[in-house]
Amino acid sequence: MTPLHWRSAAEIAAQVAAREVSAVEVTRAHLDRIAALDRRLGCYLLVDGDGALAQAAAVDRAIAAGDSPGLLAGVPVGLKDLLVTEGVATTAGSKILAGFIPPYDGTAVARLRQAGAVILGKLNMDEFAMGSSTENSAFGPVRNPWDESRVPGGSSGGSAAAVAAGLCAVALGTDTGGSIRQPAALSGVVGLKPTYGRVSRHGVIAFASSLDQVGPLARTVEDCALTLEAIAGHDPKDATSIDAPVPRYRDACTAAAADLSGLRVGVPEEFFAAGLDPEIERLVRAAIAKLADLGARVVPASLPNSEHSLATYYLVATAEASSNLARYDGVRYGLRVRDPGDDLNTMYQKSRAAGFGTEVKRRIMLGTYALRAGYYDAYYLRAQKVRALIKRDFDRAFATCDVIATPTSPIPAFRLGDRTEDPLAMYLADIYTISCNLAGLPGLSVPCGFTTSNTLPTGLQLLGPPLGESTVLRVAAAYQRATDWHTRHPPGAERSTP
Amino acid sequence: MTPYESVIGLECHVQLATHSKIFSGASASFGGAPNTYTDPYTLALPGTLPVLNRRAVACALKMSLATGCTIRRVSRFARKHYFYPDLPKGYQISQYDEPIAEHGRIDFLLDGTPRAVRLTRIHMEEDAGKSTHVAGAAYSLVDLNRAGVPLIEVVSEPDLRSAKEAAEYLRAIRQLVRYLGICDGNMEEGSLRCDANVSIRPVGDVAYGTRTELKNMNSFKHVQAAIEYEVARQTEVLESGQRVVQETRLWDEGRGTSHPMRSKEQAHDYRYFPEPDLPPLVVTEAEIEALRSSLPELPLARRARFMDRLGLSPQDAALLTAEREIADYYEQVVAAGPSCDPKRAANWVGGELLRELHRDERPIAQSPVSPTALAELIALVAGGTISGKIAKDVLATMYASGESSKEIVAREGLLQVSDESELLRVCQKVIEANPKQVEKFRGGNDKLLGFFVGQAMKETGGRAHPERVNQILRRLLA
Chain Y
1 MTPLHWRSAA
11 EIAAQVAARE
21 VSAVEVTRAH
31 LDRIAALDRR
41 LGCYLLVDGD
51 GALAQAAAVD
61 RAIAAGDSPG
71 LLAGVPVGLK
81 DLLVTEGVAT
91 TAGSKILAGF
101 IPPYDGTAVA
111 RLRQAGAVIL
121 GKLNMDEFAM
131 GSSTENSAFG
141 PVRNPWDESR
151 VPGGSSGGSA
161 AAVAAGLCAV
171 ALGTDTGGSI
181 RQPAALSGVV
191 GLKPTYGRVS
201 RHGVIAFASS
211 LDQVGPLART
221 VEDCALTLEA
231 IAGHDPKDAT
241 SIDAPVPRYR
251 DACTAAAADL
261 SGLRVGVPEE
271 FFAAGLDPEI
281 ERLVRAAIAK
291 LADLGARVVP
301 ASLPNSEHSL
311 ATYYLVATAE
321 ASSNLARYDG
331 VRYGLRVRDP
341 GDDLNTMYQK
351 SRAAGFGTEV
361 KRRIMLGTYA
371 LRAGYYDAYY
381 LRAQKVRALI
391 KRDFDRAFAT
401 CDVIATPTSP
411 IPAFRLGDRT
421 EDPLAMYLAD
431 IYTISCNLAG
441 LPGLSVPCGF
451 TTSNTLPTGL
461 QLLGPPLGES
471 TVLRVAAAYQ
481 RATDWHTRHP
491 PGAERSTP
Chain D
1 MTPYESVIGL
11 ECHVQLATHS
21 KIFSGASASF
31 GGAPNTYTDP
41 YTLALPGTLP
51 VLNRRAVACA
61 LKMSLATGCT
71 IRRVSRFARK
81 HYFYPDLPKG
91 YQISQYDEPI
101 AEHGRIDFLL
111 DGTPRAVRLT
121 RIHMEEDAGK
131 STHVAGAAYS
141 LVDLNRAGVP
151 LIEVVSEPDL
161 RSAKEAAEYL
171 RAIRQLVRYL
181 GICDGNMEEG
191 SLRCDANVSI
201 RPVGDVAYGT
211 RTELKNMNSF
221 KHVQAAIEYE
231 VARQTEVLES
241 GQRVVQETRL
251 WDEGRGTSHP
261 MRSKEQAHDY
271 RYFPEPDLPP
281 LVVTEAEIEA
291 LRSSLPELPL
301 ARRARFMDRL
311 GLSPQDAALL
321 TAEREIADYY
331 EQVVAAGPSC
341 DPKRAANWVG
351 GELLRELHRD
361 ERPIAQSPVS
371 PTALAELIAL
381 VAGGTISGKI
391 AKDVLATMYA
401 SGESSKEIVA
411 REGLLQVSDE
421 SELLRVCQKV
431 IEANPKQVEK
441 FRGGNDKLLG
451 FFVGQAMKET
461 GGRAHPERVN
471 QILRRLLA
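So the sequences go chain by chain: Y and D.
Once you know that position 128 of the first sequence is 128 in the numbering used here, the rest is easy, because the numbers rise by one and skip nothing.
Once you know that position 475 of the second sequence is 475 in the numbering used here, the rest is easy, because the numbers rise by one and skip nothing.
Some hints here could point you the wrong way.
Calculated cross-link-like contacts (lysine-lysine; reagent style DSS-like; alpha-carbon spacing at most 30 Å) [claimed, not checked]:
#, chain 1, residue 1, chain 2, residue 2
1, Y, K95, D, K130
2, D, K406, D, K458
3, Y, K95, D, K80
4, D, K80, Y, K350
Treat the hints as calculated values from the structure; they're not laboratory data.
A quick note: this is a predicted structure, and the numbers were derived from the prediction, not measured.
This is chain D alone, in the form it adopts within the complex (with noise of 0.2 Å):
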């Protein structure tokens, strides 16, 4: 069997987080009864007009100098014509040869290694409404809740080689639309969308092969499995000495498939033109400087300063970068406490506390115990004050009770026990309780020692201090 190479690049639907819709002001926000969050223009009544979104625009702009577009001063809206009942002006107003934003890319690591996928453009563009299919109705049924939704839509060069690459890729996309605020991510309630342009080459090649492009893929699982199906596909057809057609397929989530669209559906003239009802749209450089200096600090920047400033594994840094809010509360943890030791504040931050949040499916945002409060706790365990297994229990009380750390431990009489007598009179005493592992362990059974710290630790209720109870037991033991 020849050995074939994947090419693959993705087109990715941001819905944009925008109170309004890009050209009128009803509200685009998700879920609200079926078309409710319409106006005149959304239904298209005659006589209405579109009116920009600038802050849509501002959106947009965000996201093209994150990825490092070359931003277009003067860019213009065109429409793309085909008649659909969610389509209420029978166009959709988008941008065509002249889009905001070109040449762009998104780094994103593969396996740990950095990749970098170029991208041909970003344009604005307004969603379609929703339509709904009654099976065995004589009728559809269309929601124009979403109709004007505003949209950017990213599109990638055909850099990517394999389904993991796209899946990952993808969820650059997702990470850094989150950090820069302009859209929440969801792929379920369809507010980031993806198609991908799929086609296999030999292993050699320089030729692009027939390409075709999925549809319907709606997480990240799907778009993987989708494109690793269309693969496979597309692999058997050329060893079948067939010819790849192209067309667009339709992802079939439940049984795992993908079908070609109805010929009838694809064959669409677009007709497009510019749209007159809309000047070009003007960037002005004072809007793309103030823009530049509101950008957040990237994933990929942030990842690589914790590791090299505060000293994180590559593991840790990408956990607490994976979202801005987490990487947030990390650095107000670490900057609280002189004492906070980064890799500490790493280990809580990235362990208990996320644990913790993810049971509940809460944001970080909304942890009930701030970063201050376990920039304390931290302390009190470096500071000798609490052991770190009772400091885990303790952090338990605080995200369930919202108390700090301190009147916790004063309460419950958890303070750590580090007084030399107290700590020689529990080990003698547990030495004397167990006299036959004592025999064992001074027979040569070194891993003993770990039973004896246990049960020290028991005595005292976990307050003993680890490290001197292991000194002393070993001096007592010898």
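Isolated chain Y (complex conformation) (with noise of 0.2 Å):
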């Protein structure tokens, strides 16, 4: 039998709805094995294991009791710690938002609590979701489970990592521009970013406004349909949430529709450009040479301005991050420093050169440098008018085929410290991201098999028009269940079972 932390959430909540087992034992086995683990991984920036079995013992009562059970009943959940948890700390990754207790939930949070699942706690970052390796944690890094030498990706690397090491079933994560997909192809998980504004932002730390976006890491497909069906949909708090009816997603894990006769699979070649690690390139071939035995049919795709994507990237996404974290100037919460000085201004300077790490202060300059009087023409403008050129050709590349097909990550899981001292080589290991958020299109990594040389999973993109996670989600279920690679655990993690 599968031991309770490698089953599916699936799995979980219908043997929790069944009473097989509680949610309890379930949350249990799940702390257990974070107090095993995690001192080695760093995961975990908070575990809330008191909040978290009295939320289990709750779900454990009202199914007891007769009530229906949620669709995530009794589905342990690991949080990126850029989500608002009501009474239980949030840091963001930051050293800045020290002693900061939200008063409040964020909607995807609280919609998580209305199906029924339990939160184990808050998960590693890189401050700011900035990143592409979680070693710009202020708290530390987290090791990939697969080799600890290695970064999981980022900026949701704790969310990765803590997912393919069996520290939850789900986790939350946040993409701005490929931050969940990224560290789910480099820890060997599934990672879904849905369409903007489907999921609500509210109660999301904002990096950059109009690129951020909640979404579900797991180690199944069906798993990070289940979670969002839980947490999307229109909220009113959050006016650029998208006002749609939520379908039901797992629909499109099932079987019958693993059949992809008829289903077109787009493949952009500017994907597949110098830089992809030939390893890589091999595997996201022979997976989408496994979606055409599927039924599926492969046909070009051109995307030409994906080029300017990280360009275009960080301008938009700088200037906003250096608006959204004005607010952190040691006022009214958070890092104020002890010896402030005696005017505001010298306040300010000392509180946010203290609380803020290197790559936040250094996206903080840049984008208040795009955003100058006499330079917004040039930077921001010339970058959102490149983004909507970009739209423009996913509308196209759209027009002919149902989803796109490439690479998540140019390369794989890189060795701690080896790209802090170059950011630019920090950022391209998101060149194949990038472009999904800028369209605001949804997108999603699944692992499609190991590196020869030192056996690190790889992951394949695959992108989808807005809205269309249900197509997405129908061709990633359908590779999984022709393939095996979701069923392998990192040897480290499988070792070390309490």
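Combine both chains into one complex, guided by the hints.
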């Protein structure tokens, strides 16, 4: 029998609903495993054991009393620490939020609770979601469970590694330029970034408002579908959330949906260019061939403006970030240095200098520069125009295909410290994921094999048209049914089972 | 000395009278213990997002329609950045290059002459909190109750030519927003604020001079005084051969002077960019039409109608249209009685009633004398039931007790004496009692007639019909 920590969310929810296993047992098993493994991995910034057990007990009681179980009844969930949680410290991976305890739950978190999920704690991340390796956390790095000398990707590195190591069944991450999909690929799990506006941003600490989106990471596509179903939907508290009905995403993951006959998979050659690791190229092309085996028709697609996506992204995202992070001023909450000087500006300067890390400061400066009077047209406005062109490329591409398949990351997980001195090399880790955010599309990364040289996980990225989550999920679920990559577990995590 | 002309433009901030703030559900009321009208959004807690209050949009649209602006069907919010403790997010959500309305005008009267001042734009934004700098203390206090209260900024073209005109323009704005019911116009509490851009140029020049911006003027009087001071100051600068420096100056109410803000405080690059948390603000045709048809008759139109249709003097019409509630009251009085002459009603409302109300600082909406009750009183005078003089006393009683005029007249026996024989008896008595005055009158001192009328009125406790008494006395004394 599968140990509790390797069971999928779908299995746990069904078994908890059927009272075959209690939510408390599932929670306890995960808490024990976190205690045993996480000192090494560094996934959790905070474990709320008492809170989790209380929620689990409440789920068990409700089911015993005959209440209809939620979609995620008893499913142990970890939250990227960018999601605010009522009464539970939330840091965004930054020292500047020292001591901040939110008085409210964000919408995604509240919907998870409503669905019966049990929140185990808060997961490590790059500070304010700025990074691709989780090395920019103010609280230490996360190690990749497949090779602990390597990074798990980022910025949702704690989320990806925790799911990979069986420290939760599902995690929520956020994705501004690839921060769900890239760590999912590097850590060998499934990660879904929904359409911009599909999940409310209320209660998500803002990095780049026009790009940020919350999404699930899990070991199976079906678990991502279930979780999305629980958290998606219109929210009056987020003016940019989409007012469209939420389909039963899990229906896209059934055996009946696994026949891909007639489905067109677009392959843009721009995403197989120089800089792509040859092993990854081989594995991704093999995965696309597998989709053809399942009935899909592989067609060429063209996204000519994608070469501008990195430059566009680093203008739009930094500009918005420089604005969003202005509120961390040491006045109302968070860090204020002990010796704030004797005037206001000194207090601001000292608190922000002490509270923000190097990468965050770099991006605040880049963004501030881009928005200066007289430079706005040349930078921010121009970037928005290119962004419109990138979006138009996708609109055209989706006229002749249903999903687009690409590598998620050009490289497998790299060693801790390898890229920290070279921010541009770090930025290139997101080269294939960024255009999806700029266009506001749904994107998913699904494990598609391991490199032979050092057995590191690789991800296939699937992109869909706006609100095309069901299609993307369907293709990924069909692929997972036909492959067994997702059934493999990191050797270290397997050995350390308590 | 070169004759100079002042060139003035005003930027008025109008707080909109909505229940909740522009981007969150916290109360937008004035007052309250510091930092009690807040919520996670007002405090700019991480993860909070703005949600636009459509009632604030409706208020902005009313003002835009009332000033004949062109309304953008799609406008946009932008972020304006600067660090200050009373600005919790580190930016103010405002409108920048795509405001909700543009190209309007404000009409008003300057010493009875019509003036029109062009509006550049009207845009929506959120208010900041309030900082209090405690003298000698090592800290400042911040109250965020006001942070996020909805504002419209009404920006005029530099069309104003004197401090007095600027003050009149501002009064017109106050009157308009009060008519529209979108703001109480209270300058002391800051619900209406204004900054002035002032420059001067030699008369006849077309090019503008260097302008300064004046801030911190909290009443009409101070707006006028600050501009007068600034015009005099700039004139002196130019006359002494120097140049006016472009700067922001703060009015010091106590000293009656202004001083420049520190240059550090002026050197802002606001780094505007479109607010990504809010979709563009879309206004539909239906919304505009519904609001247009809900607009009240505006002050100048109403004043003109009171003159043309009701025959009021310009002064009376202005007085009675100063506030929408006064005009409404007045029209209800006129409508209440068919015998109610509009001019007489104007005298009663604009004279006696407003005097009583002003004394108590009571708004007309809370008048103890209803329009119907006042109309009844006016009808009693018109029908000769009581004299005008007595009616004034009756009104005072009505105001104090809330009784009807008929009740008071009946109880106190105040019916006017019009009976010919009774009046004849009274007049004869007055003549007999004052032989010396009779002699003088007959000797040619016509002015003494008033004395005899007064005596007759006194004799009847003011109830005598004054015109009849007049006639009888003339006859007897002839």
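Status of the hints after comparison with the structure:
1. K95/Y x K130/D: holds, 29 Å
2. K406/D x K458/D: OK: K406/D and K458/D at ~22 Å, within 30 Å.
3. K95/Y x K80/D: Between K95/Y and K80/D the Cα gap is close to 26 Å, so the pair holds against 30 Å.
4. K80/D x K350/Y: Given that 30 Å is the threshold and the Cα spacing comes to 23 Å, the pair holds.
Hint compliance for this structure: every hint is met.
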